[in-house]
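Chains as they are written, first to last, in our numbering: chain E, 1 to 237; chain R, 1 to 237.
Relax, there's no trap hidden among the hints.
Note that the list lumps identical chains together, so a pair holds whenever it fits in one copy or between two copies.
Below, a list of computed lysine to aspartate or glutamate pairs in the EDC-like style, where the Cα atoms sit at most 16 Å apart:
1) K8 / E20
2) K8 / D189
3) K166 / D78
4) K70 / D35
The hints are simulated quantities; they were obtained by calculation from the structure and are not laboratory data.
There are 2 protein chains.
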Amino acid sequence: MPDLLNGKLFAPEDVAVLQEIILHRRDVRGARFTDRLPPEQEIDQILTAALHAPSVGFSQPWEFVLITDKHIRQQVKDSFEVTNNAAKADFKERQQEYTRMKLEGILEAPLNIAVFYRPPAGAVLGQTSMAETGVYSVVCAVQNMWLMARALNIGMGWVSILDAEKVCRILNAPAGRLLVAYLCLGYTDGFYARPELEILQWDKRRDREEAIRYQRYGEQPDGSAATDDPATRTRSI
Amino acid sequence: MPDLLNGKLFAPEDVAVLQEIILHRRDVRGARFTDRLPPEQEIDQILTAALHAPSVGFSQPWEFVLITDKHIRQQVKDSFEVTNNAAKADFKERQQEYTRMKLEGILEAPLNIAVFYRPPAGAVLGQTSMAETGVYSVVCAVQNMWLMARALNIGMGWVSILDAEKVCRILNAPAGRLLVAYLCLGYTDGFYARPELEILQWDKRRDREEAIRYQRYGEQPDGSAATDDPATRTRSI
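Could you put together the complete structure from these sequences and hints?
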């Protein structure tokens, strides 16, 4: 096998390109999409990125349904409206703010892609104790698509305010398929320099230190913060 | 807001770089790692990629525990051995083939990163009907890390043959945290040109057509293949 160890080595310029793509990726909603369908070649590049995602045990448990049909998209949009109306109540005093936001681009984007997990028929290497890694593989494929779309200057938005079972019925999904993501894709009139929810002050970027620990958690297993003093989160590597 | 629509536009060369990184990303196991710890700056670049992943409602529900401590890694390795021994039985006539494979690099890689999901305290925009999108955000962060590590020529492997609750105890995770991924990172003696499980003929790459549908599934909702004739999967966009 050592003769197969000839995988490419990347240069610092390549790192810089990837970093820019990652930092400039955005969740794109309806107000930004134009109705011009990206050419087949660019859609294929996005799908190629998906199909080369990591998958547990090389199981490749993904399926992609490409939807341009307006009637089908309208059915999904109708389902979004019902689900989104129900969701508003969860945001109490921020309900008006929530209602003002445009959270999907199902009809505005010329292409929708529904991404499914197809459960395996038998045991999958690596999936025996953490069964959820099958679905996680599909999510990795979605993230590859997002980055590739962004590099192609194609906007992509992930619509999660949906009744997954209803979408499965609309798309005639075989029994057992799980809807992982419902994506809207198309050209845009521009990309925001920062995340839209940050611009709208819905939430702010968390401090880096908040998300990183060294060696193990300093917190008590019961979740109390007694010993989770940020001062003890010392960098020791 | 339109004055904020000044996000970068990428060129075809940038697309080509991203495609190469995606196609050359590999799951790296023990036999390939060297014990030299990557410099702090490169680890920071990998974490920056993670922290700029998409997250539902900009919730950023991730936590990363960086582990270099050998005693802690040994405990995780011990847990892997128990779980992996139990897994072998699932592979029946391929058990010997399974046993020969090196499936992790917990001790060989100088850096392990355990990636957790921290459930939100209140309602999260976009997570109201598909609660699993919180965990999916964390998986997107892992995929960003994987691509950034590869661009830096740092190997990364995802170890999923673990008892997640046992790993939570070893790392003293507060109640409610969910282990999403356990990663091994370090320099390597090379990268395979193709996925290791493909080289070892454990499984093969699926045909592109197998994973792609147009407009909706042709199959019956009961899963029968009656109308799922590949000939009906015509490209109509």
